[in-house]
Amino acid sequence: MVSGYFDHAAAAPLLPEAREAMMPFLGDEFGNPSSLHRFGTKPREAVEAARSSVAALVNSRPDDIVFNASASESNNLAIKGFAQAHRDKGIHLVASAVEHVSVLEPLKSLSVLGFDFTLVPVDADGVVHPDKLAAAIKTETVLVSVMHANYEVGTIQNIKELAAVAHRYRVPFHSDGTAAVGRIPVDLAELGVDAYTFPAMSVYGPKGAAALYLKRGTRVQSLVEGGFQEKNRRAGTEDVAAIAGFGAAAAVTKTRLPEWSAGMARLAQRIFTELPKKLDHVIFTGPVPRDSGRVQPPFSPAESGGSPLARIPGHVSVIVEFVEGEAMLLFLDDEGIAAASGSSCSAKTLKASHVLLAMGLPHARAQSSLVLTMGKDSTDADVDRFLEKLPPIAQRLRQISPLYAKFRKGEDPYAVKRGEACGEPEAEHE
Amino acid sequence: MYSEKVMEHFRNPRNVGEIENADGVGEVGNPICGDMMTFYVRVENGILTDVKFKTFGCGAAIAVSSMASELAKGKTVAEAMKITNADVAKELGGLPPNKLHCSNLGADALHKAIENYLARQRRTEKKECHCPYCGAPLEGSAICAPCQARGRK
Numbered sequence: 001m002v003s004g005y006f007d008h009a010a011a012a013p014l015l016p017e018a019r020e021a022m023m024p025f026l027g028d029e030f031g032n033p034s035s036l037h038r039f040g041t042k043p044r045e046a047v048e049a050a051r052s053s054v055a056a057l058v059n060s061r062p063d064d065i066v067f068n069a070s071a072s073e074s075n076n077l078a079i080k081g082f083a084q085a086h087r088d089k090g091i092h093l094v095a096s097a098v099e100h101v102s103v104l105e106p107l108k109s110l111s112v113l114g115f116d117f118t119l120v121p122v123d124a125d126g127v128v129h130p131d132k133l134a135a136a137i138k139t140e141t142v143l144v145s146v147m148h149a150n151y152e153v154g155t156i157q158n159i160k161e162l163a164a165v166a167h168r169y170r171v172p173f174h175s176d177g178t179a180a181v182g183r184i185p186v187d188l189a190e191l192g193v194d195a196y197t198f199p200a201m202s203v204y205g206p207k208g209a210a211a212l213y214l215k216r217g218t219r220v221q222s223l224v225e226g227g228f229q230e231k232n233r234r235a236g237t238e239d240v241a242a243i244a245g246f247g248a249a250a251a252v253t254k255t256r257l258p259e260w261s262a263g264m265a266r267l268a269q270r271i272f273t274e275l276p277k278k279l280d281h282v283i284f285t286g287p288v289p290r291d292s293g294r295v296q297p298p299f300s301p302a303e304s305g306g307s308p309l310a311r312i313p314g315h316v317s318v319i320v321e322f323v324e325g326e327a328m329l330l331f332l333d334d335e336g337i338a339a340a341s342g343s344s345c346s347a348k349t350l351k352a353s354h355v356l357l358a359m360g361l362p363h364a365r366a367q368s369s370l371v372l373t374m375g376k377d378s379t380d381a382d383v384d385r386f387l388e389k390l391p392p393i394a395q396r397l398r399q400i401s402p403l404y405a406k407f408r409k410g411e412d413p414y415a416v417k418r419g420e421a422c423g424e425p426e427a428e429h430e
Numbered sequence: 001m002y003s004e005k006v007m008e009h010f011r012n013p014r015n016v017g018e019i020e021n022a023d024g025v026g027e028v029g030n031p032i033c034g035d036m037m038t039f040y041v042r043v044e045n046g047i048l049t050d051v052k053f054k055t056f057g058c059g060a061a062i063a064v065s066s067m068a069s070e071l072a073k074g075k076t077v078a079e080a081m082k083i084t085n086a087d088v089a090k091e092l093g094g095l096p097p098n099k100l101h102c103s104n105l106g107a108d109a110l111h112k113a114i115e116n117y118l119a120r121q122r123r124t125e126k127k128e129c130h131c132p133y134c135g136a137p138l139e140g141s142a143i144c145a146p147c148q149a150r151g152r153k
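Taken in sequence, the protein lines are chains A and B. If you're matching positions, the first sequence starts at 1 in the working numbering and goes up one per residue. If you're matching positions, the second sequence starts at 1 in the working numbering and goes up one per residue.
No lab work stands behind these hints: they were computed from the structure.
With a straight-line cut-off of 35 Å between C-alpha atoms, the simulated DSBU-like cross-links for lysine-lysine are:
id, chain 1, residue 1, chain 2, residue 2
1, B, K90, A, K351
2, A, K351, B, K5
3, A, K138, A, K160
4, A, K351, A, K132
5, A, K389, A, K351
6, B, K5, A, K207
7, A, K215, A, K132
8, A, K389, B, K73
9, A, K409, B, K5
10, A, K406, B, K5
11, A, K406, B, K73
12, A, K254, A, K207
13, B, K73, A, K351
14, B, K75, A, K406
15, B, K73, A, K409
16, B, K90, A, K389
17, A, K409, B, K82
18, A, K207, A, K160
19, B, K5, A, K389
20, A, K351, B, K82
21, A, K138, A, K231
22, B, K5, A, K278
23, B, K82, A, K406
24, B, K75, A, K409
25, A, K254, A, K132
26, A, K406, B, K90
Remember, predicted model here, so these are calculated numbers, not experimental data.
Here chain B stands alone, though its shape is the one from the complex (with noise of 0.2 Å):
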């Protein structure tokens, strides 16, 4: 029923697991639909420098979540972004019809991951600190330099 490929990529799944105090985490679907994928991300320089997942489903489900992280590591985020659910089942070699649906959602899940990383970098922006005296970007002190400099304590 299975290619020898999705057979390969289940019983040796790539990039299984959790990434600690990842950059970006993604989820879909849920265990009543049969399938259920969690994906973490790394991103370093805007390179997916990892990519880690864990997944509930079957043969299938499985496959396709090993093979999207395989596809995406080492991908920029804008080329990870272009990865489709459709690429991942060719990569594949195909998967069955009926499976194409309900257990290709690797690319989902990826790029879920990825746009939690990309709504986080947003508020780290907007959460910057600034000097409460002249409003000059801070790295670490409460005040700036010169401000400290000109005695403001």
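For reference, chain A alone in the conformation it holds in the complex (with noise of 0.2 Å):
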């Protein structure tokens, strides 16, 4: 058992379930699905019905589900494939502001081969409104993709709503559903898109299997060519065991997602009500439960247009102010917990958070954010000890930091000077 484990966004233990699965393909059962012989025969029939178990955890049918190796992957093949088989009928696609980087970076390679992009802006909680998205679409459009949930601030996107939208503009909807399989029930019948986005990690599978959903009647070019699996639209020998843990690990999650999120979202709410009264100066991001005593940061425009707000269970972002966010994710890891954060220095880019920047959060407080995402074997335990390990640590940074001292000298902690870049030496002190 894991403890301490905030982290699920980055990775999540694999189900027993799923282990089990896997094995007969680590050993006898090597074969190739798309062999004639024997030997294709067992791996050929787990693949199908790891096909039919991940197609029912989102009501689909198996004949829509893609197999690839990641849910970057799959959003690469959203993107790029859809923008290629379409590009006779338009060369523009709309996704949000708040995308992960497998949707962003593939709209930026395409606008190298002659597509343009337009990103829909988002509000103070990360909310994408479908009056922004209808502005967005163009007549030449071809995709839109806006993503379920998002995994820095939690926030649900309306997905129905924004689909319906797309679509009456006749343009096919994309959604990126990593951070919201394995935490919330997924209809796609009901949510109405084209194609969407998942991995087996979401629902405690291996790394190494994902699924792209295609609604029937849906064309993309394949990114990777040379043969005929996966209906042509993903060429290379199926990853047998990855996929059949998926299969299995669908089927369990299938069962056990309401009972798994209750838990989650009763876990995060104590860290949104208990962790205010333990350490001062703390900014939840993203929509955070009204009850939560939330103070209403004085960044955020607050204007919620209507849509009931809405974050995944078992998630928790946080601006720790006059912090930076990989001290506190060492010293966090020095006491056996395991988080996340949207801070440049954290991130290998070294660039903060495009998501808590889109929100409109400044980007010095960017550095400050803190990331928990629990999963089912999250317990009071582990909240206790996040509780009870922050604030020191918090404290203990905030006595180095110059920000703090700023702060508590009545300075503006944040005050840059003009024209200043990074890494250049400020003005003489006096």
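The task is to assemble the complex, starting from two chains supplied on their own in separate frames and drawing on the hints.
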């Protein structure tokens, strides 16, 4: 049993049922599902059984599921594969400003090939509003992509409403469901999307398997060519073990989801309620339960245009003011607590989270973000430990922090001199 | 990702704090970049008798500040000005490549504090007091002793 693990967005423990389902294909059943001889039989059956199980999890048809290796690959196939297949119809794509990089980067690489794209802004809670989406759609738009839920701030989008907006303009709709599947019930028939991304990891399956749902009749050009696997939509011999594990994990998740979600939501609520009592100058980001006693931050215009605000269960994102994110993560790790941050130092790219910036959070505060993603096995003891350990860590780092010193002296800690670039020294002190 | 030495300095940073009425203060970076360091120096007879710092930043930034302060303490002003960011990184047993530019600013902050000290020195020299009557250097009193003795008030 793992304890103190609050980074399920990065990786989730494998369900025993999934591991069990994988084992034969790491042993005697090594055959290729495409083989005509008997060594291909069991692997082929396993892949198709998994397809049915994965399809059932999101209320879709097995034929509509394309297996591949990761949610990033699914997003790439949805964006690039779709754009290439529909080039004759138009060269414009629309996505929200808070998408995962595996949606944003393909958009950028398509723009080199002559495509154009528009990013739809979000409000202070990270919500995409239907009118803003409608405004971004042009006559030559061929695809709209808005994620179902955001892993950095937990915001759930009203996908049904947004898909309807796109369809009103006869534009197909893709959604990245990586952060939603395994946390909230997902019914693709109900949502009305044309394409939907989700990885095995979201349902406690193995790394190395993911799905792209493509509604019947939705054409994409394969990114990996040279084989007829996955109905010509993804060439290459299937990772049978990973896919079998995905299928088993999806089946377990389908039955256990309500219980898991309720548990995770309750634990997150404890942090929303209890953390502000133990540590001052914390600001929760994203939609936060109304009874959390959240202090409306001064930078939030609070323009949630009527859509019901909601966040995924078991997700907490918080700004711990005057303290840098990576430093918090290192000290938390010393205490056996694993979390994530949107600070530039903790990112390999050394850029602050584009999600927090798109929500209007000042750059300097984005450096102080902490993201907790719980899982089905998270416990009250984990939450107790987090609530006990974070405040002294934050206080310790605040004692070192020149921002906190400025704040205590009544100065503006976030004041930056005009024209100053990163890394350049400031004007002389007196 | 970080060496043991970096983690050791991050966990137990040396010379954290501020020096009251410091002889020099230097600040580099800003919170937008994610790293900000303020260095304070006390200089007595040309020697850095005390160096303190406050840092907002990642593990590397805190370790770098700690190491730079340790390297500088007890050195002459001239010696401390020769400490480079590369020296600090080397003493720490190296830094991850992506941290070498953004977080390795300890020596820069130290140099800024020393330059601030030197600039204050120059100002002090200029402001040295002289007797309004004969131009002799003054210490404390309003006019020099010989002029006072001659009965000029």
